[in-house]
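Heads up: the protein sequence lines correspond to chains A and B, in order. At position 51 of the first sequence (counting the first as 1) the number is 51 in the working numbering, and the numbers step up by one without a gap. At position 165 of the second sequence (counting the first as 1) the number is 1165 in the working numbering, and the numbers step up by one without a gap.
FYI, nobody ran anything at the bench for these hints, they're computed from the structure. It is possible that some hints are incorrect.
[What the hints assert, rightly or not] Here are some chain A residues pointing at chain B (derived, C-beta under 10 Å):
#, residue
1, His104
2, Lys108
3, Phe112
4, Leu119
5, Phe128
6, Ile131
7, Val142
[Stated by the list, open to error] In silico PhoX-like links for lysine-lysine, alpha-carbon gap of 25 Å or less:
#, chain 1, residue 1, chain 2, residue 2
8, A, Lys149, B, Lys1299
9, B, Lys1299, A, Lys138
10, B, Lys1049, B, Lys1066
11, A, Lys63, B, Lys1211
12, A, Lys81, B, Lys1191
13, A, Lys81, B, Lys1184
[What the hints assert, rightly or not] Computed far set for chain B versus chain A, every beta-carbon distance over 12 Å:
#, residue
14, Lys1007
15, Asn1045
16, Gly1081
Every residue gets a Cβ at the ideal spot worked out from N, C-alpha and C, and that includes glycine.
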Amino acid sequence: MENNIVEDVQNARGDKEYSAGGAKDKDKEPRIIAFVCNWCTYNGADLAGTSRMKYAENVRVIKLPCTGRIDPLFVVEAFKKGAKGVLVSGCHPGDCHYTSGNYHSRRKYTAFRDLLSYLGVDINRVEFSWISASEGNKWVSVINEFTNKIKLLPDNSDIFSKK
Amino acid sequence: MEKMNDKLQNTAKELLENKEVNLIIGFTKGSNPLRMRSVFITDPNDVSKLSFNAHCVQDLAVFLKKPEVKKFGKIGLVVKGCDEKAVNTLIQEYQLSRDNIKIIGVECRGAVKQNLADKGEDSVKQSTVYDKCLVCEVHTPLLYDYLVESDEPAFEINGDIKPYAKIEELDAMSVEDRNMFWQKEFEKCIKCYACRQACPLCYCTRCIVEKNTPQWIETNIEETGNAQWNMIRAYHLSGRCIGCGECERACPVNIPLMLVNEKMARDVFEKFGYKSGVDINAKPVFGTFDANDFNEFIK
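Please construct the entire structure, taking both the sequences and the accompanying hints into account.
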């Protein structure tokens, strides 16, 4: 864990060439990017942290105001930069801080998921979940399950891999 | 054909003379007899240039997004049924006011593939028309102010032809094979953005590919930028694409873009029961939601 922090600081300072795939050569740990909403899932993850619950350290959390703000372009960008998995998570239906952001997001991702799969991206690499601020446990289990799933995926090249 | 052209020209003349419109966009004969090109008419004496036949492939609604055309204010547009759906979608998305457009709908019996027409093909048959004509439900436009009826008979369709058959084929493939297929197709892309320019619904004044702080989509013509561009283009059109097929026709390297667009259109219809360009009063599919939407994929 400590090594990772040092590495991330170095990355942030631009000491090394940045890659969301992480230090590929050193360890083959896949990196997972989680786009979460500010109001529910981020607080859920925070609760997991303050409760000292342990979960897979492959995940990097990116906080955005709402799932409605999480453009599918971000998912594509994460894949392009080398992430093996992407998680999109927000408030449960009916709980959105902005009343309907998650409903709109659900529609978008229903279509986008099918598009990804149709264009040849393994659909197991994207995950969606509703996690509220009180569901630290659920955050831990979703991350762990998703990480395990990602680790089992073959190391195939896909539409985003550079030749 | 003559009767059709006469009616078309008379309607256009009347509109221009009565100052109901300031500009008519229509088709005229090109330099090659089997090619038709667009024409812009402001003078009532020029309406004799207007013409229509099975070689009118271009979707003229594409011009409605241009500022050079918008400045004319009231516009008369000659459209086939499929292209008219683009006008509907533009109205739906507040890009166009219904009061500012006079739709001269023409009854279309199918458009001959341009690559065949260039080799001299002149007959409208099941084997010579575009795939979109085989599944066309709008030979008569859904919305029009004036209708020009066709005097040609409809072409016959017998059961052995399957438009967009490749979609089912791709659906049945494994992820790896699909990936191989699309990788090969997108490899050809030269990022000319002709697909965007030809599309009547790609009207953003600043497209995502032109935004460079940050540069979301790589500008070089290699992976991963190619896949990214094609994916985002398709996503921005899912639930909106009306299936005119202009992107695919404009593509200089023949990427089968309609396979993606048509697949997304089918998908949106299956999941949300929405077809684009059918009703000008309907809300765009991604501009609205339902509390009972498809939820199975979310944990």
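Hints, one by one, checked against the model:
1. Interface hint at His104/A: satisfied, since its Cβ lies 5 Å from the closest Cβ of chain B, which is below the 10 Å cut-off.
2. Hint status for Lys108/A: holds, given a least beta-carbon distance of 6 Å to chain B, under 10 Å.
3. For the restraint placing Phe112/A at the interface with chain B, the shortest Cβ-Cβ distance is roughly 6 Å, inside the 10 Å limit, so the hint holds.
4. With its C-beta approaching chain B no nearer than about 5 Å, Leu119/A sits inside the 10 Å limit, and its interface hint holds.
5. The restraint placing Phe128/A at the interface with chain B holds, with a minimum CB-CB distance near 4 Å, inside the 10 Å limit.
6. This hint holds: Ile131/A has a C-beta 8 Å from the nearest C-beta of chain B, less than the 10 Å allowed.
7. Taking 10 Å as the C-beta cut-off, the interface hint given for Val142/A holds, the closest approach to chain B being about 6 Å.
8. Of the pairs offered as hints, the one joining Lys149/A and Lys1299/B holds, with about 14 Å between alpha carbons and a cut-off of 25 Å not exceeded.
9. Among the hinted pairs, Lys1299/B with Lys138/A is consistent with the structure: their alpha-carbon atoms are about 10 Å apart, no more than 25 Å.
10. At roughly 22 Å between alpha-carbon atoms, Lys1049/B and Lys1066/B fall within 25 Å of each other, so this suggested pair holds.
11. Of the supplied pair hints, the one linking Lys63/A and Lys1211/B holds, its CA atoms being roughly 22 Å apart against a limit of 25 Å.
12. Distance hint between Lys81/A and Lys1191/B is fulfilled; the C-alpha atoms sit about 20 Å from each other, no more than 25 Å.
13. About 21 Å separates the Cα atoms of Lys81/A and Lys1184/B, which keeps this hinted pair within 25 Å; it holds.
14. The Cβ of Lys1007/B lies farther than 12 Å from every Cβ of chain A, with a closest approach of about 41 Å, so its non-interface assignment holds.
15. The Cβ of Asn1045/B sits about 49 Å from the closest Cβ of chain A, beyond the 12 Å cut-off, so the non-interface label holds.
16. Consistency note on Gly1081/B: stated as away from chain A, and its beta-carbon is indeed over 12 Å from all of that chain's, at 25 Å minimum.
Comparing the model with each earlier hint shows no violations; every hint is respected.
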